[in-house]
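Student: Here's the letter readout for the chains.
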Amino acid sequence: MTPPIVSADIAVVGAGPAGLAAAVAAAESGATVVLVDAGAQPGGQFWRHRPETVVPVPDGQGHHGWKSYLDLRARFDAARHQGLITYLPGLQVWMAQQNQPAQGDDAGFTLRTTPTVAEAASDRSAAGARTVVARRLVLCTGGYDRQLPVPGWDLPGVMAAGGIQAFIKANGILPGKRFVIAGTGPFLLPVAANIAEAGGKVLAVLESSSPTTWLPHLRAAAGVPEKALEGAEYAAVFARHRIPYRTRSIVTEVLGSGSLGADHASGVRTAKVDADGSVRPGTERVYEDVDVVGFGWGFTPQMELPLSFGVETRLDTDGSLVGVVDERQQSSVPGLYLAGEVTGVGGATLAVLEGLAAGTAAAGGSALPQKTAASEKTTARHRRFAEAMHRAHPVPPAWQDWLTPETTVCRCEEVTAGEITEARESLGARDARSLKSFTRAGMGWCQGRVCGFASACLGAGPGASPTAESLSSAAKRPLAAPVGIGELAALDADYEDPTNSLLKGDRA
Amino acid sequence: MSTRARGAAKTAAIGGVVRVSFDGRPLEASPGQSVGAALTSQGITAWRATRKGERPRGLFCGIGVCFDCLLTVDGSANQRACLVEVREGMEIEGSCREDPSEETGGRA
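Taken in sequence, the protein lines are chains A and B. Heads up, the first sequence is in our numbering, so the first residue is 17 and it goes up one at a time. Heads up, the second sequence is in our numbering, so the first residue is 18 and it goes up one at a time.
Possibly wrong hints are sitting among the right ones.
One side only, chain A facing chain B, incomplete, derived with CB under 7 Å [claimed, not checked]:
(1) 132
(2) 133
(3) 136
(4) 160
(5) 173
(6) 175
(7) 182
(8) 212
(9) 214
(10) 279
(11) 430
(12) 434
(13) 449
(14) 461
(15) 466
Sample of chain B residues lacking proximity to chain A, with all beta carbon distances greater than 12 Å (derived) [what the hints assert, rightly or not]:
(16) 36
(17) 41
(18) 43
(19) 65
(20) 71
(21) 82
Keep in mind that the hints were calculated from the coordinates and are not lab data. Keep in mind the model is a prediction, meaning the values are calculated, not measured. By construction, the Cβ of each residue, glycine as well, lies at the ideal position given by its N, Cα and C atoms.
Can you make the complete structure from the sequences, with help from the hints?
Tutor: As structure tokens, then:
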């Protein structure tokens, strides 16, 4: 069956900080907006909170920028009541296309969606799949924890650092009792703080970088005083709960034996590292009785939808592939705007500013957005801060040395580091796409979302960083979300429907 | 046991408890919890076995990206446990072997 069509001036994908801001700004500029989001309620990952069916008025505990969320949410709800925003939660976009310009050059975009959770398994009376047609499109798809494989990281009990935080925020409980958090970046701090405040024991936070790498970037940090305040809050939480913060330290292996059995994380082996990530001999240490290990190496922007339009991309300071935008957040594709982590990982405050700019610009046609000089300065300060953070918390170049040939790299297809090295050395597979075809790394359910960065690094070789082309081939996905055969078959029905002139022309 | 769960289906959650079943066994969850959270909080941290190595898997990314936590919910296969909210009477099925110690145990 062909899904019903919903049309508006502007379609926004994502209801996190950037998407909410974009939708609100566009609606307040007088445009009609359709907001599509995979989540069941607004907030995205950053402002994820208990289901409002259970906790109607969340108190924002453990959240940052909650006032900003409440402000955006109130404006969002008001615009919905005015009929300016159509909110479509619980839907993920599996295909996004630019319509062929039948008349004029403003034919717009079509989004095909599928329920995030199968209708039979869903508690919400979700409306079911919709096809969204809009003149302009704002993609605010956010990001997720970047991962580096390490021996034992595929054991149950090992989670993404952001996954632990999402678990706490959404469920109000902890996924275990005794935690070790490892990786790099300022995000490890709020994760550990959330765990401790919820009653969990954090045995250690292991940061591969060193605070001395901060010193050259202090000027940028000083420009964003609220970040210094956040840092002071975490320091207080760490002191109160006696959480050890060990710098230049990594997990070299997740151990899977002990009381919970060989098939569950039970401890970690750690070591001190040099600035490049090389393990210092003799610094090994074991933490026992650990039931949850959280890893986070910065974030990977969710790029498949921008890439499906062929937007111009660049490598950001943190090594992530991001979309290039102009001062109005417009990508290289006219009418397609990007905001939030897809233009560079920079946190929620920056995402909101970018979302507001994108929404205003998308609604205003060729007119410049009503950006004040003050907000432009704030945006610039936050970008400088984000860049300083990226430079202070790099992925250590020597990380590939931590792997054994048996270490799983692609969790879905169970491809090992040894198989990838073999494909690189013997078959000359040096980018993520060749590795995919030779080893099946990145070909499973997650389509390389989890192992894409690591595979691209391994293809580039020891100590090397992946190119934008390799990262792009890792992040390009024929379908942005898994769909059933029925939904694919329905595409044909769309084309055969003679009343549907907007969609008729978009057969590429 | 699944009969009990089915009998309770469609009735409202009582006293802040949602009754579901996992592989036929009754399980109590809290309203609004994800299936993944309901299982994990009961000490069930793996409910899927990988195709090749039959390695156990449960929650990993926690936000719908990694697809490691797939299971079957009310007959719908390949649902992400981290995203599905528990509902009274929900029947949840994993794909791990019933008893990992049984060499000949078939997959659910």
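Student: Regarding the hint that residue 449 of chain A lies at the interface with chain B, is the smallest CB-CB distance below 7 Å?
Tutor: Violated - the Cβ of residue 449 of chain A stays beyond 7 Å from chain B, reaching only about 20 Å at its closest.
Student: Does the closest beta carbon of chain B sit nearer than 7 Å to the beta carbon of residue 434 of chain A?
Tutor: Where the cut-off is 7 Å and the nearest Cβ of chain B is about 14 Å from residue 434 of chain A, the hint is violated.
Student: Can residue 136 of chain A be said to touch chain B, with a Cβ gap under 7 Å?
Tutor: Check passed: Cβ of residue 136 of chain A comes within 5 Å of chain B, closer than 7 Å.
Student: Does residue 182 of chain A hold up as a contact with chain B if the rule is Cβ-Cβ below 7 Å?
Tutor: holds (5 Å)
Student: Decide, holds or violated, for the assertion that all CB atoms of chain A are farther than 12 Å from the CB of residue 71 of chain B.
Tutor: violated (10 Å)
Student: Given residue 173 of chain A as an interface hint, is the shortest Cβ-Cβ distance to chain B below 7 Å?
Tutor: holds (6 Å)
Student: Residue 65 of chain B: least C-beta distance to chain A exceeds 12 Å?
Tutor: violated (10 Å)
Student: Given residue 175 of chain A as an interface hint, is the shortest Cβ-Cβ distance to chain B below 7 Å?
Tutor: holds (6 Å)
Student: Any CB of chain B closer than 7 Å to the CB of residue 133 of chain A?
Tutor: Holds - the Cβ of residue 133 of chain A comes within 7 Å of chain B, reaching about 5 Å at its closest.
Student: Mind verifying the non-interface call on residue 36 of chain B? Its CB should be farther than 12 Å from each CB in chain A.
Tutor: Since the minimum Cβ distance to chain A is about 14 Å, residue 36 of chain B lies beyond 12 Å and the statement holds.
Student: For residue 41 of chain B, is the shortest beta carbon distance to chain A beyond 12 Å?
Tutor: holds (17 Å)
Student: Does residue 466 of chain A pass the interface check with chain B, least Cβ-Cβ distance below 7 Å?
Tutor: For residue 466 of chain A, the interface hint holds, since the closest Cβ of chain B sits about 5 Å away, which is under 7 Å.
Checked against the numbered hints given earlier, the structure breaks hints 8, 9, 12, 13, 19, 20 and 21 and satisfies all the rest.
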